[in-house]
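Participant: Now for the letters of each chain:
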Amino acid sequence: MGSATKYTRGHATFNIVSKAILAGFATACLLPFILMIIGSFTDNTTVLLNGYSLFPEKWSIAAYELIFKYPKQVVDAYKVTIFVTAVGTAIALTITTISGYALSRPTFRSRNKIALYLYFPSLFGGGLIPWYIMMTQVLRLSDSIWALIIPSLVSTYNIFLVRNFIRTSVPLELFESAKIDGAGELRTFGQIILPLITPVTATVGLFIALGYWNDWFLSNLFITTPSKYSLQYYLYNMLNSSKALQELKAISGGDISIDIDLPSETAKLAMAVVATGPIIMLYPFVQRYFVKGLVIGSVKG
Amino acid sequence: MANTPAAQGKNTLERRKKMSDFRYDLKHNKTLLFMVFPSILYLFVLSYLPMVGIYYAFTNYNYQGGLFGSPFVGFANFKFLFASGTAWKLTFNTVFYNVIFIFGGTALRIAIAIMLSEIIGNVFRKVTQTIIFLPHFVSMVLVGVFAYNLMNYETGLINNIITSLGGERFDFYGTPWIWRLIIPAVEFWKSTGYGTIIYLAAILGISEEIYEAAIIDGVTFMQKIRYITLPSLKPTFTILLLMSLGGIIRGQFDLFYQLIGNNGLLFGTTDIIDTYVYRVLRVSPNIGMGSAVGLYQSVIGALMVLGSNYLIKKLEPENALF
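These protein sequence lines are chains E and R, in that order. Counted from 1, the first sequence has number 1 at position 1 by the numbering used here; the numbering is strictly sequential. Counted from 1, the second sequence has number 56 at position 56 by the numbering used here; the numbering is strictly sequential.
Incorrect hints may appear among the rest.
Claimed, not checked - Computed, partial: chain E to chain R, Cβ under 8 Å: (1) Ala26; (2) Ile34; (3) Ile38; (4) Gly39; (5) Thr46; (6) Thr107; (7) Phe124; (8) Ile129; (9) Pro130; (10) Ile133; (11) Thr136; (12) Ala183; (13) Tyr236; (14) Ala272; (15) Tyr283; (16) Phe285.
As the list claims (entries may be wrong) - List time: in silico DSS-like cross-link candidates among lysine-lysine, alpha-carbon distance up to 30 Å: (17) Lys313/R to Lys113/E; (18) Lys27/R to Lys19/E; (19) Lys89/R to Lys79/R; (20) Lys228/E to Lys69/E; (21) Lys126/R to Lys19/E.
Hints were generated in silico from the structure; no laboratory data involved. A quick note: this is a predicted structure, and the numbers were derived from the prediction, not measured. We put the beta carbon where it would ideally sit given N, CA and C, even for glycine.
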């Protein structure tokens, strides 16, 4: 497809139309992000008077100053999310790779039965409510930071990804020679296989880490102490408290003056920027692993 | 036939082998069993044990009585849900949105994958791909923020533009029907870039020779797309379609909850099974009723997966789940 190739007229037309459509779609994908960043640097009164705009009359960094004036809550939320993401990903990735390894071994006779056992809950289950009661009444995980980690530790889909990757990309002779050399399963896994499957561990690790980083639901279900809120839930909470206050204000017909207590409109956007920043910064570097993961996942083992 | 000695021998051998799989592993593959044990234990505690809770669906659950002390009511919860119309409404909304997500989403993904693979210029392709992939990475909370920023009545950008053009403000959060359009639009916004990748990979997998031969035969560009590219995507399309049909009764809780939240005004057009179950758990506790809806969803969901797997087995056996 070098530039020297002569394109047919059909292709040339297609090229122009496609580029126009793709540019339009890409703009739509990017616009909310730009609006968020511009909004967070807009003067709050300008927003209240004129609404959000891509070209605000007055700029301001007051929103960021407000957030970082009393940074304790934001810092706490950051700490929680970093801890949950790091510890959760480490444990989940360990469980996932060792399980995937064991299930990939042809000498392991129960492997298919165990695979079915692991798969069945994705087909049928008790649903949210019995699970919630298990977490809170039996395991007593209410308001514990482990309630943010435990629910995402085991994913059958990820285990199967690892299993399929080992099956299709690691030659069986490698296992045999390891056995001849007297290496046990744990050593074979740790010293021979693990270094060979980094593409799939990187991908699965990032899937898991992104899930932990973006989670708000588990905080919502289990956490009651504000200092244990995850970052996304902290953002969610900030939005909703201000939304609720606005509704209250609308109902009261403006009788109640609560403007002073409202988290300012632009502070919400500044908080959104603070909560999403790391993802957007890291995104260009990790993007290719996600692409790889989808392609690996589509190969049936 | 089964009485010939050879067949009998084979039978007992097979039976013994089957019976002793686990014992064999216990003897020879202790380490492997140990390695997979955490996953087994985990799912036992957090997936298999809670299945006992299916019983809630048949009780009038109260916290004093607990699981086995609450009054047993048989199918009363289910009868109520269907007689009151709740179950039908929830099922309709869940399936309605999923059908749009599946068919609209797939068409968009294929179209964009073809465009991306055929446009001239690598830089344009790379930049576009990177941008349309971005929404996949952000949390649904942020999506809710975006939606609110664009559409809220007083300060939203859209209303801002409407008024500056001399129009009347539009009350998005008070107009149920418009969400039948907005929710799919948001879903497409978030997942199209990511979903495109798999089709892009399939297009890259088409052999260059086929295209070259076609060009020598004098096919036009659009004929090439119509008769080579699209048919080559059929296996991928079929598999993904059937797999998503398996999930047609499972809703995307995050998406709906972050856009609508507890705004009861919009429930008529936006309440899906998953949001209903959540509300029953958190907002107005009714464990028995919520479990009943959950069980109904789980049973239909399992049947859908089994059905779609059956079809996959018929059409593309190597892609069947089991």
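Participant: Now, for every hint given, state plainly whether the structure supports it.
Facilitator: Right, here's what the structure says about each hint:
1. Taken as an interface hint, Ala26/E checks out: its beta carbon lies about 4 Å from the nearest beta carbon of chain R, inside 8 Å.
2. Residue-level restraint check for Ile34/E is violated (minimum Cβ-Cβ distance to chain R is 11 Å; threshold 8 Å).
3. For Ile38/E, the shortest C-beta to C-beta distance to chain R is roughly 10 Å, which exceeds 8 Å, and the interface hint is violated.
4. Annotation: interface hint on Gly39/E holds; nearest CB of chain R at approximately 7 Å, less than 8 Å.
5. Hint status for Thr46/E relative to chain R: violated, with the closest Cβ pair at about 10 Å, above 8 Å.
6. Interface hint status for Thr107/E: upheld, as the beta-carbon distance to the closest one in chain R is roughly 7 Å, under 8 Å.
7. For Phe124/E, the suggested interface contact is upheld, since its CB lies about 4 Å from the closest CB of chain R, less than 8 Å.
8. With 8 Å as the threshold, the beta carbon of Ile129/E comes within range of chain R, its nearest partner Cβ sitting at about 5 Å, so the hint holds.
9. A hinted interface residue such as Pro130/E counts as satisfied when its beta carbon comes closer than 8 Å to some beta carbon of chain R; here the least separation is about 2 Å, so the hint holds.
10. Residue-level restraint check for Ile133/E holds (minimum Cβ-Cβ distance to chain R is 6 Å; threshold 8 Å).
11. Residue-level restraint check for Thr136/E is violated (minimum Cβ-Cβ distance to chain R is 11 Å; threshold 8 Å).
12. Because the smallest distance between the Cβ of Ala183/E and any Cβ of chain R comes to about 11 Å, over 8 Å, the interface hint for this residue is violated.
13. About 5 Å separates the beta-carbon of Tyr236/E from the nearest beta-carbon of chain R, less than 8 Å, and the hint is met.
14. The restraint placing Ala272/E at the interface with chain R holds, with a minimum CB-CB distance near 5 Å, inside the 8 Å limit.
15. With its C-beta approaching chain R no nearer than about 6 Å, Tyr283/E sits inside the 8 Å limit, and its interface hint holds.
16. Hint status for Phe285/E relative to chain R: violated, with the closest Cβ pair at about 11 Å, above 8 Å.
17. In summary, the hint linking Lys313/R to Lys113/E is supported, as the alpha carbons are separated by about 20 Å, within the 30 Å threshold.
18. Between Lys27/R and Lys19/E, the direct Cα distance comes to roughly 62 Å. Violation of the 30 Å bound is thereby established for this hinted pair.
19. Note on Lys89/R and Lys79/R: the hinted pairing holds, with a Cα-Cα distance of about 14 Å set against a maximum of 30 Å.
20. With a CA separation close to 20 Å, the supplied pair Lys228/E and Lys69/E stays within the 30 Å bound.
21. The suggested pairing of Lys126/R with Lys19/E holds, with an alpha-carbon distance near 12 Å, which does not exceed 30 Å.
Figure legend: structure checked against the earlier numbered hints; hints not met, in rising order: 2, 3, 5, 11, 12, 16 and 18.
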